[in-house]
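Undergrad: Take the sequences, apply the hints, and build the full model.
Residue numbering for the sequence shown follows this note's numbering, beginning at 22 and increasing consecutively.
Rather than coming from a laboratory, the hints here were simulated on the basis of the structure.
Any given hint could be a false lead.
As the list claims (entries may be wrong) - Lysine to aspartate or glutamate pairs mimicking EDC-like chemistry, simulated, CA-CA at most 20 Å apart:
| # | residue 1 | residue 2 |
| --- | --- | --- |
| 1 | K41 | D28 |
| 2 | K71 | E53 |
| 3 | K44 | D28 |
| 4 | K44 | D32 |
| 5 | K69 | D32 |
| 6 | K133 | E154 |
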Amino acid sequence: MATKIDDIHQDPVITRLLEKMPKKVASSFNEEQLSHLRNAIGAREWGKHKLDVRGTVKFLKWRYYYVILAGRNRRSLSEKEVKVARVLTASIVATFITFAVLLGLIVIYLIKSALGINLIDGWSLGLWTWFKELL
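TA: In C-alpha coordinates form, the structure reads like this:
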(Lines of atoms letter the chains of each structure in order from A; the text may use other names.)
(Lines give C-alpha, C1' and ligand atoms only; values in the text may rest on other atoms or scores of the structure.)
Protein backbone atom coordinates (compact mmCIF):
# COMPACT_ATOMS: atom_id res chain seq x y z
CA MET A 22 0.00 0.00 0.00
CA ALA A 23 2.93 2.36 0.63
CA THR A 24 4.02 2.05 -2.99
CA LYS A 25 0.69 3.45 -4.17
CA ILE A 26 1.10 6.48 -1.92
CA ASP A 27 4.64 6.95 -3.23
CA ASP A 28 3.39 6.57 -6.81
CA ILE A 29 0.60 9.11 -6.40
CA HIS A 30 3.00 11.57 -4.75
CA GLN A 31 5.46 11.04 -7.63
CA ASP A 32 2.81 11.94 -10.20
CA PRO A 33 3.78 15.22 -11.93
CA VAL A 34 0.24 16.62 -11.77
CA ILE A 35 -0.07 15.91 -8.05
CA THR A 36 3.46 17.18 -7.40
CA ARG A 37 2.72 20.52 -9.10
CA LEU A 38 -0.59 20.80 -7.25
CA LEU A 39 0.91 20.05 -3.83
CA GLU A 40 3.81 22.46 -4.39
CA LYS A 41 1.32 25.31 -4.69
CA MET A 42 -0.18 24.55 -1.27
CA PRO A 43 1.07 25.14 2.25
CA LYS A 44 2.89 22.06 3.60
CA LYS A 45 0.25 21.47 6.28
CA VAL A 46 -2.57 21.37 3.71
CA ALA A 47 -0.57 19.30 1.21
CA SER A 48 0.22 16.62 3.80
CA SER A 49 -3.43 16.36 4.87
CA PHE A 50 -4.58 14.57 1.68
CA ASN A 51 -4.90 10.80 1.74
CA GLU A 52 -4.32 8.46 -1.21
CA GLU A 53 -7.97 8.35 -2.26
CA GLN A 54 -8.30 12.15 -2.23
CA LEU A 55 -5.11 12.53 -4.27
CA SER A 56 -6.36 9.96 -6.78
CA HIS A 57 -9.61 11.88 -7.22
CA LEU A 58 -7.70 15.14 -7.57
CA ARG A 59 -5.51 13.51 -10.22
CA ASN A 60 -8.57 12.32 -12.14
CA ALA A 61 -10.26 15.72 -11.93
CA ILE A 62 -7.23 17.85 -12.80
CA GLY A 63 -4.70 15.72 -14.62
CA ALA A 64 -6.81 13.69 -17.00
CA ARG A 65 -7.41 16.59 -19.37
CA GLU A 66 -3.79 16.87 -20.54
CA TRP A 67 -3.80 20.63 -20.94
CA GLY A 68 -1.04 22.28 -22.85
CA LYS A 69 -0.50 19.79 -25.66
CA HIS A 70 -1.31 21.99 -28.64
CA LYS A 71 0.42 22.17 -32.01
CA LEU A 72 0.16 25.95 -31.84
CA ASP A 73 0.37 27.62 -28.43
CA VAL A 74 1.11 31.36 -28.47
CA ARG A 75 0.63 33.40 -25.31
CA GLY A 76 1.66 36.91 -24.44
CA THR A 77 0.73 40.26 -22.99
CA VAL A 78 0.27 43.70 -24.49
CA LYS A 79 0.45 46.94 -22.51
CA PHE A 80 -2.20 49.44 -23.59
CA LEU A 81 -2.39 52.74 -21.70
CA LYS A 82 -2.33 51.78 -18.01
CA TRP A 83 -3.65 48.23 -18.44
CA ARG A 84 -2.04 45.02 -19.59
CA TYR A 85 -4.02 42.62 -21.76
CA TYR A 86 -3.17 39.02 -22.41
CA TYR A 87 -3.75 37.03 -25.57
CA VAL A 88 -3.80 33.29 -26.17
CA ILE A 89 -3.83 31.57 -29.53
CA LEU A 90 -4.31 27.81 -29.39
CA ALA A 91 -4.76 25.35 -32.21
CA GLY A 92 -4.59 21.59 -32.34
CA ARG A 93 -6.53 18.41 -32.77
CA ASN A 94 -9.86 18.30 -30.97
CA ARG A 95 -9.68 15.45 -28.46
CA ARG A 96 -13.09 16.08 -26.91
CA SER A 97 -16.09 13.94 -27.71
CA LEU A 98 -18.49 15.90 -29.88
CA SER A 99 -22.07 16.75 -28.97
CA GLU A 100 -24.91 15.65 -31.28
CA LYS A 101 -25.14 19.15 -32.75
CA GLU A 102 -21.38 19.25 -33.42
CA VAL A 103 -21.56 15.82 -35.08
CA LYS A 104 -24.39 17.01 -37.36
CA VAL A 105 -22.50 20.19 -38.29
CA ALA A 106 -19.35 18.16 -38.96
CA ARG A 107 -21.27 15.77 -41.22
CA VAL A 108 -22.87 18.62 -43.19
CA LEU A 109 -19.50 20.35 -43.52
CA THR A 110 -17.79 17.15 -44.64
CA ALA A 111 -20.55 16.42 -47.16
CA SER A 112 -20.31 19.98 -48.51
CA ILE A 113 -16.54 19.77 -48.90
CA VAL A 114 -16.77 16.37 -50.64
CA ALA A 115 -19.56 17.59 -52.96
CA THR A 116 -17.58 20.73 -53.83
CA PHE A 117 -14.46 18.68 -54.55
CA ILE A 118 -16.35 16.18 -56.73
CA THR A 119 -18.09 19.00 -58.64
CA PHE A 120 -14.78 20.77 -59.23
CA ALA A 121 -13.08 17.53 -60.33
CA VAL A 122 -15.90 16.65 -62.76
CA LEU A 123 -15.93 20.16 -64.27
CA LEU A 124 -12.15 20.12 -64.64
CA GLY A 125 -12.35 16.67 -66.26
CA LEU A 126 -15.00 17.86 -68.72
CA ILE A 127 -12.90 20.90 -69.65
CA VAL A 128 -9.83 18.71 -70.24
CA ILE A 129 -11.86 16.28 -72.37
CA TYR A 130 -13.32 19.21 -74.37
CA LEU A 131 -9.84 20.66 -74.96
CA ILE A 132 -8.52 17.26 -76.11
CA LYS A 133 -11.53 16.88 -78.45
CA SER A 134 -10.92 20.33 -79.87
CA ALA A 135 -7.18 19.67 -80.28
CA LEU A 136 -7.97 16.54 -82.28
CA GLY A 137 -10.29 18.58 -84.52
CA ILE A 138 -13.47 16.72 -83.60
CA ASN A 139 -16.59 18.89 -83.94
CA LEU A 140 -19.77 17.47 -82.44
CA ILE A 141 -21.97 20.27 -83.84
CA ASP A 142 -20.79 21.92 -87.06
CA GLY A 143 -20.31 25.67 -86.84
CA TRP A 144 -20.72 25.84 -83.04
CA SER A 145 -18.05 26.08 -80.34
CA LEU A 146 -17.80 27.06 -76.70
CA GLY A 147 -14.72 29.08 -77.52
CA LEU A 148 -12.55 27.35 -74.93
CA TRP A 149 -10.15 25.98 -77.53
CA THR A 150 -9.67 29.43 -79.12
CA TRP A 151 -9.14 31.00 -75.70
CA PHE A 152 -6.71 28.25 -74.68
CA LYS A 153 -4.66 28.64 -77.90
CA GLU A 154 -4.41 32.40 -77.27
CA LEU A 155 -2.98 31.73 -73.80
CA LEU A 156 -0.19 29.64 -75.28
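Undergrad: Look at each hint and say if it fits the structure.
TA: Structure-based check of each hint:
1. Distance check on the hinted pair: K41 and D28 sit about 19 Å apart at the alpha-carbon level, within 20 Å; holds.
2. In summary, the hint linking K71 to E53 is not supported, as the alpha carbons are separated by about 34 Å, beyond the 20 Å threshold.
3. Proposed proximity of K44 and D28 is supported: the alpha carbons are some 19 Å apart, at most 20 Å.
4. With a CA separation close to 17 Å, the supplied pair K44 and D32 stays within the 20 Å bound.
5. The hinted pair formed by K69 and D32 meets the criterion: a straight-line CA distance of about 18 Å does not exceed 20 Å.
6. Taking the CA atoms of K133 and E154, the gap is about 17 Å. The hint holds against a cut of 20 Å.
Violation of the numbered hints given earlier is confined to hint 2; every other hint is satisfied by the structure.
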